[in-house]
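Protein chains in written order, with full-length UniProt numbering: chain A, 1 to 218; chain B, 1 to 251.
For the record, the hints were derived by calculation from the structure and aren't laboratory data. Treat the hints with care, since some could be wrong.
Stretch by stretch, here's where chain A covers chain B in the computed footprint (C-beta under 8 Å, at least three residues) [said to hold, decoys possible]:
hint: 1; region: 60 to 74
hint: 2; region: 77 to 89
hint: 3; region: 92 to 105
hint: 4; region: 141 to 155
hint: 5; region: 169 to 178
hint: 6; region: 199 to 205
Label pairs and their computed distance ranges (CB to CB) [what the hints assert, rightly or not]:
hint: 7; chain 1: A; residue 1: 195; chain 2: B; residue 2: 194; range: 40 to 48 Å
hint: 8; chain 1: A; residue 1: 135; chain 2: B; residue 2: 62; range: 20 to 28 Å
hint: 9; chain 1: A; residue 1: 63; chain 2: B; residue 2: 99; range: 53 to 61 Å
Straight line, CA to CA, 20 Å or less: simulated SDA-like cross-link-like pairs of lysine to any residue [what the hints assert, rightly or not]:
hint: 10; chain 1: A; residue 1: 133; chain 2: A; residue 2: 156
hint: 11; chain 1: B; residue 1: 151; chain 2: A; residue 2: 50
hint: 12; chain 1: A; residue 1: 133; chain 2: B; residue 2: 52
hint: 13; chain 1: B; residue 1: 151; chain 2: B; residue 2: 76
hint: 14; chain 1: A; residue 1: 133; chain 2: A; residue 2: 50
hint: 15; chain 1: B; residue 1: 151; chain 2: B; residue 2: 52
Glycine included, C-beta positions come from ideal geometry on N, C-alpha and C.
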Amino acid sequence: MSEHVSPLVRDADGTNDRRPGTPRRGSGFLDGPHRLPTTPSATVGPYLAIGLTWPDGADAVAPGTTGEIWLRGTVRDGNGDVVPDGMVESWQADPAGRFAHPDDPRGSSSTAGFRGFGRSATPGGEYAIRTLKPGAVPDGEGGWQAPHVDLSVFARGLLDRVVTRVYFADEAEANAADPVLSGLTEQQRATLVARPTDDGYRLDIHLQGADETVFFAV
Amino acid sequence: MTGTTSSGDGGRLALPRYVREDAGARTPVAFPDYRSTGLRAPLRTPVDLPHRLTEITGPVLGEDRVAPGDADLTLRAGGEAQGQRINVFGRVLDSDGRPVPGALVEVWQANAAGRYRHVVDNWPAPLDPHFDGLGRVVTDELGRYEFTTIKPGAYPWGNHHNAWRPAHIHFSLFGRAFTQRVVTQMYFPDDPLFGQDPIFNAIPPAARHRAVATFDLDRTQPDWALGFRWDIVLRGADQTPFETDDDGDVA
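Chain A with its partners taken away, still in its complex shape (with noise of 0.2 Å):
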């Protein structure tokens, strides 16, 4: 017995491959999974400090903690002036390279005091963070990332934050194994990579021009 062929339908038959969104009978059944469309990123706008300012906020580790240094560095426009009204927030493991979370697979971080997440105002265009220096991360393919921090910039004039990442200039054989640099060109990890300092390391970030820096799509 034949199966019913309804006129409605096109290509009704046995080539069907019934597959919703083609002009041909579905299995009722969705065959990709559904998705809620995400809620639309908006500026931060130049009041941000009311909303977003922790006392806090600064310490991706608890002040006093043995190996503490600071993150800086100077957010800067395509005209070379400072950003003084923006924010920078970074996220990072701590120095065994884990983090403090619950996804971490390898069981979360263990250091004491250690938060992992830094915000920090841009007064002045200056960012600093306290924290520790991270260790090497695995990449979840049988090698491993240099010691990196994950920084986010939000500020007026920037609809979505932009995202880019801190290395560090004494870790050269990591950062020459580190998947992320490796696809770069040197120019562009120089965009990337802090210089130490008497109190920890600096990084200044360009949003735009001759060394603008290298910013990702996460």
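Here the structure of chain A is known, so what remains is to put chain B in place on it, guided by the hints.
Here is chain B on its own, set in the frame of chain A:
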């Protein structure tokens, strides 16, 4: 996380990947009509960054960031804020429809006259001694949030001649992964200022309605406060599929 395995440090990890909305449905970083983007939005194409451990984790922030009273912006400095009292509520979901529980939601806004309590906002509208414009809440186990505030006023700005921002509330959310972080603005329905606002119009047309709350009479409290619902959707995670011999049929 389910489906995540480890074979020791440096070993292979099955990590989730957070879906990325098509460019045509996301707010671009730059939008020429919003003049401040001109010198600030990066000009080069961003480099694709595969999601690894740093990107699939993120700060764990919750009740420790919230103080008593943070969910009611209408009571500050021992008195009541001026303006139209409103309840803003909704759910925080990921794009797979799963609630995001225990998520910190930070909000800030102008007062009823359209003025922010901020040193660089000095247009001639009154400050309100009983309104600071800061709120914080944490989503419950079903991803729900709710706070009470006053409806913010519109305010002028210098982007173009006679430019006015539509009334809006700023929202900041983390979710549970670096990739889910979003800062955005919630608008009110049918605002006549939408047409001339480049920040609203920077959102692709098909996505603009997602930035606009809906009035909810059922959640309007008699003799007290109007209700506005706004659901927020963060990027969801594609779980790495398990290797399997069957074709997905279930009995």
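Checked hints:
1. Only when three residues or more bring their CB closer than 8 Å to a CB of chain A does the claim for the region 60 to 74 of chain B stand; here the count is 3, and the claim holds.
2. Coverage of the region 77 to 89 of chain B by chain A is violated. Counting CB-CB distances below 8 Å, 0 residues qualify, and the rule asks for three or more.
3. Coverage of a stretch by a chain is defined here by at least three residues with a beta carbon nearer than 8 Å to that chain's beta carbons; for the region 92 to 105 of chain B and chain A the count is 5, and the condition holds.
4. Chain A is given as covering the region 141 to 155 of chain B, and this is violated because 0 residues of the stretch bring a CB closer than 8 Å to a CB of that chain, at least three being needed.
5. Using a Cβ-Cβ cut-off of 8 Å, 5 residues of the region 169 to 178 of chain B lie near chain A, which meets the minimum of three, so the contact claim holds.
6. Against chain A, the region 199 to 205 of chain B contributes 4 residues with a C-beta closer than 8 Å to a partner C-beta. That satisfies the three-residue criterion, and the hint holds.
7. For residue 195 of chain A and residue 194 of chain B, the hinted distance range of 40 to 48 Å is satisfied, since their beta carbons lie about 46 Å from each other.
8. For residue 135 of chain A and residue 62 of chain B, the hinted distance range of 20 to 28 Å is satisfied, since their beta carbons lie about 26 Å from each other.
9. Judged by the Cβ atoms, the range 53 to 61 Å given for residue 63 of chain A and residue 99 of chain B is violated: they are separated by roughly 36 Å.
10. For a cut-off of 20 Å, the pair hint linking residue 133 of chain A to residue 156 of chain A is broken: about 30 Å separates their Cα positions.
11. Annotation: proposed proximity of residue 151 of chain B to residue 50 of chain A holds, straight-line Cα distance about 17 Å (limit 20 Å).
12. Taking the CA atoms of residue 133 of chain A and residue 52 of chain B, the gap is near 19 Å; set against the 20 Å cutoff, the hint holds.
13. Of the supplied pair hints, the one linking residue 151 of chain B and residue 76 of chain B holds, its CA atoms being roughly 16 Å apart against a limit of 20 Å.
14. This hinted pair does not check out: residue 133 of chain A and residue 50 of chain A have alpha carbons roughly 30 Å apart, beyond 20 Å.
15. In summary, the hint linking residue 151 of chain B to residue 52 of chain B is not supported, as the alpha carbons are separated by about 41 Å, beyond the 20 Å threshold.
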